[in-house]
Amino acid sequence: MKVLGSVLYGADEQVIDFVCKRIPGMEPPEKAVGLGVLQDGKLVGGCVFSNFHGHSIEVSTATDSSTYLTRGMLDQMFGYPFRQLGCVRVTAITREDNVRTQKLLRGLGFTQEGRARKAWDGKHDAIIFGILKEECRFLKDTPHNG
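Last residue of the sequence shown? That's 159 in our numbering, and every number before it is there in order.
In case anyone wonders, no lab produced these hints; they're calculated from the structure. Please read all numbers here as calculations on a predicted model, not as lab measurements. There's no promise every hint is true.
Stated by the list, open to error - Derived lysine-lysine pairs resembling DSSO-like cross-links, with alpha carbons at most 27 Å apart: (1) K55 with K15; (2) K34 with K131; (3) K153 with K131; (4) K34 with K15; (5) K34 with K44; (6) K116 with K146; (7) K136 with K34; (8) K131 with K44; (9) K146 with K15; (10) K15 with K153; (11) K136 with K153; (12) K136 with K116; (13) K55 with K131; (14) K44 with K146; (15) K15 with K44; (16) K34 with K116.
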């Protein structure tokens with residue numbers, strides 16, 4: 014385990030468990046990396062990166078705190094897929110009635126790209142969001158549009 018700033022690395026199982034317990038119906042992905050967010054030494058948020066396809070990856074996030082988003086933390090979180098893995102896009106999928114997460118994703122620069130009817134759980138639509146590397150304003154060393 015390693016902590017850099019407020020980001021926890023190397024505690025994949027702990028972070029994946031944290032996120033899965035907070036997203037109804039989410040099962041732990043077979044191959045995933047979890048980056049945790051610490052506040053006062055306590056895990057308060059996490060990102061689970063899964064379904065890596067060389068150029069793209071999916072992210073699932075959950076938090077118990079609304080004050081954990083700092084520019085440095087976001088640089089590290091987006092740095093994993095974009096710098097370390099070399100992805101050109103990150104995809105996030107949320108339930109149609111999860112307005113809070115949709116607002117957060119838009120605020121982070123994600124674009125709503127589509128709707129998968131009844132794909133969330135057989136009852137609710139899934140809303141698909143994506144962000145491209147060049148759109149990500151949180152990467153300190155990458156020029157962006159906007």
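Report task. List in ascending order the numbers of the hints, as given earlier, that are violated by the structure. Result -> As far as the earlier hints go, 3, 11 and 13 are violated by this structure, in ascending order.
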